[in-house]
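Student: Based on the sequences and whatever the hints tell you, model everything.
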Amino acid sequence: MFDLSFLLEDGYLKLFRDGVLTTLRLFAVSGLLAIVVGVLLTTLRALPVKLFKGFVIVVVEYHRNVPVLVQILVWYFGVPQLLPEGARDWINAGNTEFFFATVALALNAGAFISEDLRSGLRAIPHTQQEAAWSIGLTYLQSLRYVILPQGIRVALPALLNQSLLLFKNSSLAMAIGVHELLYRTRQIDNLTFRTFDVFLVATILYLIGTLSLMALSEHFAKRRTAPSGV
Amino acid sequence: MWQRHLAAALFATLAMTGQMSAAHADQLADIKARGTLVCGTQNASEPYAFPDAATRKIVGFDVDVCNALAKGLGVKLEHRALSTDARIPELKTRRVDVLAAAVAWMPARAAQVDFSDQYFVAPIRVLVRADSPVQTLEQLSGKKIAASEGSSSAAVSVTRLPDSNLLTFHDISSAFLALQQGKVEGLVAGQLILARFANEAAAKGGQQYRLLTRPVFEERWGVVMNKGEPALRDAVNRILVDYDKSNGLQESFEKWLGSKSVYKFTRDYKVEPIKVQ
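Sequence order for the protein chains is P and C. Letter 184 of the first sequence, counting from 1, is numbered 184 in the UniProt record's numbering, and no numbers are missing. Letter 63 of the second sequence, counting from 1, is numbered 63 in the UniProt record's numbering, and no numbers are missing.
Since the hints were made in silico from the structure, they are not lab data. Using N, Cα and C, we set each Cβ at its ideal position, and we do this for glycine too. Any given hint could turn out to be false.
Claimed, not checked - Facing chain P, from chain C, some residues (calculated, C-beta under 8 Å):
id, residue
1, 78
2, 81
3, 88
4, 150
5, 167
6, 168
7, 181
8, 235
9, 237
10, 241
Stated by the list, open to error - Only pairs whose alpha carbons sit at most 30 Å apart, straight line, appear in this in silico DSS-like list of lysine-lysine:
id, chain 1, residue 1, chain 2, residue 2
11, C, 204, C, 71
12, C, 92, P, 14
13, C, 270, C, 255
14, C, 227, P, 14
15, C, 270, C, 204
16, C, 227, C, 71
17, C, 92, P, 168
18, C, 270, C, 245
19, C, 260, C, 57
20, P, 14, C, 143
Tutor: Below you can see the structure in the form of structure tokens.
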């Protein structure tokens, strides 16, 4: 059976704690950035400019069709190589692992969020748009005050689903050496060879994270369901 | 909804435990009755166990050890090429009998699995860029260093170089890429692979590399088995000693690591019980 007493030895508990904290930080920072990216992409796509629409389609399809791991590796190993040498050395000297993992995760989640928001917006009848125009709002104002607030409500369940995905995808950052939960898990496994015990702990920790997010989403779903008729 | 998820997770956990606790009387007797030895190696670790370009079969120093073990037991070899991650789970769930998979002895590991006598000993060292100001291990303090994930080099770095910031990558080539791109100050790995990286860079020109003089650790590889199998462990140890005496180990070493290889290393250890460091 499982024996978790090893957690008390040699600071393994501290390694797990550091991993959880880094995972939470990665999730929070990339999640907030992803919302910004998502809203930006949706707005660009909703604008009546062909060039913007094309740009957003390219961005969204890249992030939907290329594995997240590859996206992270491209940002970490590929993008800095395109910069001039001075800038490259300066970037490489810093905490680039966390930075590029955050950028890659935020863009990926942002692309998916923008699609969820778009679906939400499409659920809003066009008459709402016309009503907004008729009271003299500009296109951007109608998006901001009338369409987006309603659309976001419709998109809320899908958005919370994205947050679960982002939480789990954050584990891919270990590929570039970010010391998040899965990185620490595999490190402790490598040190102790207690594979099953170590991954049981990690599974429980990830479950606590995802189940809390799900509980949060149910709470929101009850309080903020879209009004009937929308 | 979430209750169902939790139930699924618990079920998976119990299924896994059931498999682990399946009773086995004596693995050596099982192997002989079955007529095959299932021996695991790594699958992409040149020159220890890696795909041969021509035949696509996994060959190397560790595969030779598997062959010697099967021959010594008088059974057929069933070779399994495993990823670093899969090594220990495959052994613990008894899908393989033994591992000759570049597993270095460490005290915490020895509490979980049994090690045979050492069949390979080599220093773990640090490679830095030739123009790096770093000359000693101490100067790596506070700096980023890279290693391959799941490797013994990564494990010993945690204790031997605790002040450095260790980043592990999925394989040694990505770790070397991080060194090449200047993302890390040093690369921790077996001396052999580091020497190859440095030699290849020297042959190509461009960025050059050098090894720090003092090794981080001397790793000792053993054949790894499940605990509580004294008959199997004794048989493996006997075979390894014979393998050394009959010159089989020396021939294999020359072919993959020594005079007949690109590495030109000489063997300065013999098969004997692993000394606690």
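Student: So, for every hint listed, does it hold in this structure?
Tutor: Quick rundown of the hints versus the structure:
At a threshold of 8 Å, the smallest CB-CB gap from residue 78/C to chain P is about 22 Å, leaving the interface hint violated. A least Cβ separation of about 19 Å between residue 81/C and chain P goes past the 8 Å threshold, and the interface hint is therefore violated. Checking residue 88/C against chain P: minimum C-beta separation of about 5 Å stays under 8 Å; hint holds. Interface hint status for residue 150/C: upheld, as the beta-carbon distance to the closest one in chain P is roughly 5 Å, under 8 Å.
Nearest Cβ of chain P to the Cβ of residue 167/C: about 3 Å, under the 8 Å cut. The hint holds. Of the supplied interface hints, the one on residue 168/C holds, with its beta-carbon coming within about 6 Å of a beta-carbon of chain P, less than 8 Å. Hint status for residue 181/C: holds, given a least beta-carbon distance of 6 Å to chain P, under 8 Å. The beta carbon of residue 235/C comes no nearer than 22 Å to any beta carbon in chain P, farther than 8 Å, and the hint placing it at the interface is violated.
Annotation: interface hint on residue 237/C violated; nearest CB of chain P at approximately 20 Å, more than 8 Å. The criterion of a C-beta within 8 Å of any C-beta in chain P is not met by residue 241/C, whose closest approach is roughly 25 Å, and the hint is violated. Between residue 204/C and residue 71/C the alpha-carbon distance is near 42 Å, which puts this suggested pair outside the 30 Å criterion. Between residue 92/C and residue 14/P, the direct Cα distance comes to roughly 26 Å. Compliance with the 30 Å bound is thereby established for this hinted pair.
Of the supplied pair hints, the one linking residue 270/C and residue 255/C holds, its CA atoms being roughly 17 Å apart against a limit of 30 Å. Our distance criterion of 30 Å between C-alpha atoms is met by residue 227/C and residue 14/P, whose separation comes to about 28 Å. Simply put, residue 270/C and residue 204/C have alpha-carbon atoms about 35 Å apart, too far for the 30 Å limit, and the pair is violated. Distance check on the hinted pair: residue 227/C and residue 71/C sit about 23 Å apart at the alpha-carbon level, within 30 Å; holds.
Between the alpha carbons of residue 92/C and residue 168/P the distance comes to roughly 27 Å, so the proposed pair stays at or under 30 Å and holds. Note on residue 270/C and residue 245/C: the hinted pairing holds, with a Cα-Cα distance of about 9 Å set against a maximum of 30 Å. Pair hint residue 260/C plus residue 57/C holds up; C-alpha atoms about 20 Å apart against a cutoff of 30 Å. Distance check on the hinted pair: residue 14/P and residue 143/C sit about 21 Å apart at the alpha-carbon level, within 30 Å; holds.
In this structure, the hints that do not hold are numbers 1, 2, 8, 9, 10, 11, 15, in rising order.
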